[in-house]
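Chemist: So you can see what is in the structure, the chains are spelled out below.
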Amino acid sequence: DQQVKQNSPSLSVQEGRISILNCDYTNSMFDYFLWYKKYPAEGPTFLISISSIKDKNEDGRFTVFLNKSAKHLSLHIVPSQPGDSAVYFCAASPNTGFQKLVFGTGTRLLVSP
Amino acid sequence: AAGVIQSPRHLIKEKRETATLKCYPIPRHDTVYWYQQGPGQDPQFLISFYEKMQSDKGSIPDRFSAQQFSDYHSELNMSSLELGDSALYFCASSQTGNSYNEQFFGPGTRLTVL
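Protein chains in written order, with my numbering: chain H, 1 to 113; chain B, 114 to 227.
Honestly, the hints are just simulated from the structure, not real lab data. Bear in mind that the values here come from a model prediction, so they are computed numbers and not experimental data. Don't be surprised by glycine CBs; every beta carbon is placed ideally from N, CA and C. Misleading hints may appear alongside valid ones.
If you only want the chain B side, here are some residues facing chain H, beta carbon under 10 Å, derived [said to hold, decoys possible]:
id	residue
1	Arg122
2	Gln150
3	Phe182
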């Protein structure tokens with residue numbers, strides 16, 4: 001039972017354009033949502049997060065949007081850079097504290113020069 | 114800034130052997146999590162510890178055990194290894210009370226069971 005889904009296994013974008021990565025979830029108990037970036041042979045690197053009481057959070061080139069009624073969130077990267085090429089995981093957690101993260105299946109982003 | 118340290122980075126074992134993976138969390142982080150990532154899969158939660166006590170348990174086989182020590186480092190012990198245990202094992206740490214449950218991951222240990 002995949003509670004967090006990333007339906008696009010891959011995405012190709014040109015440098016300078018916007019990258020939009022999508023994530024859907026089914027568990028209405030999730031309160032916190034996080035995006036991680038992962039390079040091969042490395043651990044996931046935390047990028048940005050959002051709580052269910054917000055609908056947008058920005059950090060530099062990265063913006064996360066949350067539509068709680070649709071149980072959908074997206075990560076926007078603008079402008080995209082070749083160094084952004086990696087696998088991006090969406091993750092969710094019920095609430096703060098020592099709660100496990102439930103990960104999506106990941107989207108491989110390729111940004112070409 | 115200090116990050117999560119995992120050792121060893123790579124480990125090759127035979128079936129039915131045992132393995133011990135170590136994790137050193139970021140200083141002042143009080144919670145440690147273990148995740149397993151199989152080939153082409155998303156990370157799956159195994160177990161977590163808060164202040165040296167087990168705080169949550171996921172799909173961890175009975176052949177596996179873990180603990181967190183007084184210095185907050187954690188060890189994942191795996192016995193009677195099976196071929197299916199071959200995976201990347203990540204440790205993550207967090208500090209209680211952080212805003213959105215941000216967990217910071219180590220580089221992982223790649224376990225290969227032959």
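Chemist: All hints are to be evaluated individually against the structure, with a verdict given for each.
Modeler: Here is how each hint holds up against the structure:
Below 10 Å, beta-carbon pairs count as interface contacts, and arginine 122/B has one with chain H at about 9 Å; its hint therefore holds. Interface hint status for glutamine 150/B: upheld, as the beta-carbon distance to the closest one in chain H is roughly 9 Å, under 10 Å. A hinted interface residue such as phenylalanine 182/B counts as satisfied when its beta carbon comes closer than 10 Å to some beta carbon of chain H; here the least separation is about 17 Å, so the hint is violated.
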